[in-house]
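Novice: Going line by line, the protein sequences match chains E and F. Just so we're aligned, residue 1 is where the first sequence starts under our numbering, counting upward by one. Just so we're aligned, residue 1 is where the second sequence starts under our numbering, counting upward by one.
Mixed in with the good hints there might be a few duds.
Covered stretches of chain E (in silico footprint by chain F; criterion: 3 or more residues with CB under 8 Å from a CB of chain F, positions within the stretch not fixed) [stated by the list, open to error]:
1) 65–72
2) 322–334
3) 337–344
What the hints contain is simulated information worked out from the structure, not anything from laboratory work. The structure displayed is predicted, hence computed values, not measured ones. The C-beta atom is built at its ideal place from N, Cα and C for all residues, glycine as well.
Number of protein chains: 2
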Amino acid sequence: MKVVKFGGSSLASGAQLEKVFQIVTADPARKAVVVSAPGKRFSDDTKVTDLLIRCAEHYLQKGAAPELAEAVIERYAAIAHELDLDPSIIERIRRDLFALLNSSKANPDQYMDAVKASGEDNNAKLIAAYFRRQGVKAEYVSPKEAGLFVTNEPGSAQVLPESYDHLYRLRNREGLIIFPGFFGYTKENEIVTFSRSGSDITGSILANGLKADLYENFTDVDAVYSVNPSIVQHPKEINELTYREMRELSYAGFSVFHDEALIPAFRAGIPVQIKNTNNPDAKGTRVVSSRDNTNGPVIGIASDTGFCSIYISKYLMNREIGFGRKALHILEEEGLTYEHVPSGIDDITIILRHNQMDLELEEKLVTRLKQELQADEVTVRHNLALIMVVGEAMRHNVGTTARASKALSGAGVNIEMINQGSSEVSMMFGVKEEQEKHAVRALYDEFFAGVLLS
Amino acid sequence: MKVVKFGGSSLASGAQLEKVFQIVTADPARKAVVVSAPGKRFSDDTKVTDLLIRCAEHYLQKGAAPELAEAVIERYAAIAHELDLDPSIIERIRRDLFALLNSSKANPDQYMDAVKASGEDNNAKLIAAYFRRQGVKAEYVSPKEAGLFVTNEPGSAQVLPESYDHLYRLRNREGLIIFPGFFGYTKENEIVTFSRSGSDITGSILANGLKADLYENFTDVDAVYSVNPSIVQHPKEINELTYREMRELSYAGFSVFHDEALIPAFRAGIPVQIKNTNNPDAKGTRVVSSRDNTNGPVIGIASDTGFCSIYISKYLMNREIGFGRKALHILEEEGLTYEHVPSGIDDITIILRHNQMDLELEEKLVTRLKQELQADEVTVRHNLALIMVVGEAMRHNVGTTARASKALSGAGVNIEMINQGSSEVSMMFGVKEEQEKHAVRALYDEFFAGVLLS
Chain E
1 MKVVKFGGSS
11 LASGAQLEKV
21 FQIVTADPAR
31 KAVVVSAPGK
41 RFSDDTKVTD
51 LLIRCAEHYL
61 QKGAAPELAE
71 AVIERYAAIA
81 HELDLDPSII
91 ERIRRDLFAL
101 LNSSKANPDQ
111 YMDAVKASGE
121 DNNAKLIAAY
131 FRRQGVKAEY
141 VSPKEAGLFV
151 TNEPGSAQVL
161 PESYDHLYRL
171 RNREGLIIFP
181 GFFGYTKENE
191 IVTFSRSGSD
201 ITGSILANGL
211 KADLYENFTD
221 VDAVYSVNPS
231 IVQHPKEINE
241 LTYREMRELS
251 YAGFSVFHDE
261 ALIPAFRAGI
271 PVQIKNTNNP
281 DAKGTRVVSS
291 RDNTNGPVIG
301 IASDTGFCSI
311 YISKYLMNRE
321 IGFGRKALHI
331 LEEEGLTYEH
341 VPSGIDDITI
351 ILRHNQMDLE
361 LEEKLVTRLK
371 QELQADEVTV
381 RHNLALIMVV
391 GEAMRHNVGT
401 TARASKALSG
411 AGVNIEMINQ
421 GSSEVSMMFG
431 VKEEQEKHAV
441 RALYDEFFAG
451 VLLS
Chain F
1 MKVVKFGGSS
11 LASGAQLEKV
21 FQIVTADPAR
31 KAVVVSAPGK
41 RFSDDTKVTD
51 LLIRCAEHYL
61 QKGAAPELAE
71 AVIERYAAIA
81 HELDLDPSII
91 ERIRRDLFAL
101 LNSSKANPDQ
111 YMDAVKASGE
121 DNNAKLIAAY
131 FRRQGVKAEY
141 VSPKEAGLFV
151 TNEPGSAQVL
161 PESYDHLYRL
171 RNREGLIIFP
181 GFFGYTKENE
191 IVTFSRSGSD
201 ITGSILANGL
211 KADLYENFTD
221 VDAVYSVNPS
231 IVQHPKEINE
241 LTYREMRELS
251 YAGFSVFHDE
261 ALIPAFRAGI
271 PVQIKNTNNP
281 DAKGTRVVSS
291 RDNTNGPVIG
301 IASDTGFCSI
311 YISKYLMNRE
321 IGFGRKALHI
331 LEEEGLTYEH
341 VPSGIDDITI
351 ILRHNQMDLE
361 LEEKLVTRLK
371 QELQADEVTV
381 RHNLALIMVV
391 GEAMRHNVGT
401 TARASKALSG
411 AGVNIEMINQ
421 GSSEVSMMFG
431 VKEEQEKHAV
441 RALYDEFFAG
451 VLLS
C-alpha cells in the first residue's frame, strides 16, 4: 500500500490533474493521495496559497476585499472548466471561502492558518469530485474526520502521537482517499498549519499512520541532483540515498523538500520515492534507511552562504574549565543558534547564520563575549560559505579528505575551516562566499567526473 | 641584561657546574642565575627532587629515615668534593635538611613542598659558594628576601603580581644573583612550590621582574626539534619559533619545557633562548613574539596519545537550542575537561583525555548524556591520537591541508577527525593510536624532506 503526495505544480491546472489521475490509477497499491493547493502554472504565476495569504492579510488589516477572494476562486474555476466538472463544486468553494473570510478575526494567527489551509482543503474536494467523475471510487477525507490532531502552534504545528492510530483506521475505507495536505486540527477543533513543505509533512504522517510500504512524493523534477544545477550544469542524478545523506544535504539549502518532512516516514522506516509528475517514467530518487555503497565515497555536494564566524581567543583558554560552555550560553541568551564550534588550544570559533544578527546585536555580543569571558580578542568575520560533501561510504574511505582538499587547493580555494569527525556521512568545508561556486565545481569535478550514479 | 636558568642535568655534578661557571662568566650580561636541584648524572640515576619526595613521604607516613636524608646530602657532598669546596657547606646543608625533616607535619602538603624546595635551595647555596671560591662576586638570594610571593596552592603555586616589582629591585645588587628555582613564599611565610618545570617558571618570573632583555634556558638538548626524535630519527632543529607555535607544539606533549612556564616572559615580550649546557656553541632555539615565515608553512609536528571521543547523536539535534552547551555542562559537572568538540548536524563528538575517567565514571557519563539529553546514541571510542601540525604561515597557505591529508592517505592512515579553522597556527588530525607514528612520519616527510630550517 502506497501513500502518494502531489506538489502544487502537479496540481496547477486541469492538464496536470489529468496526469495525476493517470499516475494514481496506474497502480492499485496507491491508496491515499495527499494534495497541495494549486501551484504555479508558469514561472510568473502566483500560487493559490500566496493569493490566500494576501487575501487574509487584507481582511485582517483593511477589511473585506471580495476581488482578492475571487482571484482564488478563479483558479479552481479554471481547473473545473478545463476538466468539464459540474459548476456546483465552484459554488460550494465560493460559499465556503467567503464564510471563512467573514468569520471571527479575534485570533489573527488562527484566522490566517484557516484561510491558508483552505487552499489544500478545497483542492482535495475538487480532485475527489474529478476522480469520481472519471468513474473511480474516491472520497475527500478531512483531517478532522481522520483524527489528524496537532499542537496549537499556528504555522508550525506538531502532530500529536495519537493521530497515527486514528489514521490507521483509514485503511478500512474502500476506494481512494483524497486528503488535503498542510494542516491538522487541534483538540479544540481549530485548524493549524504545519511549517513550510506542509503537504510533504502530511504525506509523511499518513504514510506512517497507514503503515504504507512506500511514500511516493511527486514533484516537478526528475530526481534529486548530486549538486545544485545552478552551479553545475546537468549534474548527475541521485537514484538512491539514505535518510542521513538526505538530511545532511538538506541542511545546506539543498534538496527537493524540507528534510524535516521526512521524519514520520523515517521513524516508521518507510522508503520515500521522489518522482516527477511530468515524467513519471524517470527513475526518480529513493530515500532509504540504508543502501549499498557502490558508487564511490561521495553522493552529493551542497553549499550555502550567509554564515559568519566569531573568533574568540584567550591565552591559556584550554586550562579554563567551562570556557566553551559559557561562550555558548551567552549566544543562547541572545537567542542565537550556532552551527559549529571548531576550537584551537587558546581559541574557539563559533560559526552561525548571519541573518540572526543585526549590527546592534553583533556589537552587543562581541562586547559580552569580551567582557564576560575576559577574552583577549573577539573578531567577527562575515561572508562565509559552508560546503557539505556527503556520502555514507566516506568515513571509512581513506583519502576522501585528501581528494577533497586537493581539489580545493588545486582550484586556488583557501579552506577557512574543516569540520570532520563527528558526522559519519559528511565533511564540511568553510570557504569565503566569493569562492563558493568555484569550490563546489572543483569538488564536483573531483568526485563525479566519470562516475555513474545508480 | 640576561636571566639564565640551568636545568637539573646541567647541575648534576661538579664537572657540570664547571661548564655552568664557564657559560655564566663568558657573558657579563648574565646577571641572575636560576638553578634547579641536581638532576640525573646518568640515565639510571635518581634526581635529588625524587630522593627528597621519597624521604618526605617516609617521614610523613612511617617516621624518621636518616639514611634517606643522607642519600640526598651525599649528592651535594659528591659535588662539593669534586669541586674541592669547603666541607662546611655540606655540614650546613645536613643541619638544615634534618631540621626541616623534623619540623611540624601538621600540614602534610606544606611539609612536602618545603622538603622538595630544599633541593633547589641548597643547590643555590652550594653554587653561590662555588662561584665565590672561583673569585666571582656571587650571592645566594632567597625567594623570601627577594619578595617572590605566591598563592598558597601546594604543588601549583601562582605568582602574586606584586612580586614583579619586588624582583625589579634585584637589579641594584652588585655581582651575580644565584636564585633557587621551583618555589616562592606565601604572605604567611610558607614555602610553596610551582607545578612541574617549576624552575623554568622561576626563571621566567625573574626575567619579567628584572625586565631582562633575554631569558636563557640551558638544558641538555641542542634545540627544540621539529618532530619527536623517538619517532623520526635526526629530525631538523627549530632555530626560531613564536610563542604561539611553541604553545601549540607543547600542547601535544612536545617540547623541552612546559609551555606554561613561558607565560611571565611572554607577557613581558622577552625572548627565550633555549641552549645546551653541554654544547653551548650550538645555535639553540629562540622563542619570540613574531618571526619571518621563510621556511614553508609548517615549523613542527607534535602528537600525543591517550584521547577518547564521545559521540552523541540525536535526530534533529541542530534544531535544539542549547544542546551542545548542555552536553558540555554535564562534562563540567563530572569534573572533566575536554579538548575539542567537532559537530555534525545531528551529532557532536567530544574529544577528551581518557586518563580523567575510570570505567565507572565513563559509564555514569554515558548514562547521564543519554538520559539528560535524550540522545539517540552515545558511544565512547578509545585509543585516539591527536597530531598537531604547527606553523605561523599555515593559515594563509592554500594547499597545506591538501598536502597534509594527501600525505596521510598516501600512508594508508584514516583521518578520524580534522580540527581546523580556529587556531591560525595549527591544524589537528585525529587518528587511531596504532597509526600515530606512521602518520607523524608521513607528515614529516611531506613538510620537512629537503627543507632547511633557519
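Novice: Run every hint past the structure and note whether it holds.
Specialist: Do the hints match the structure? See the list:
{"no.": "1", "hint": "65–72", "verdict": "violated (count 0)"}
{"no.": "2", "hint": "322–334", "verdict": "holds (count 6)"}
{"no.": "3", "hint": "337–344", "verdict": "holds (count 8)"}
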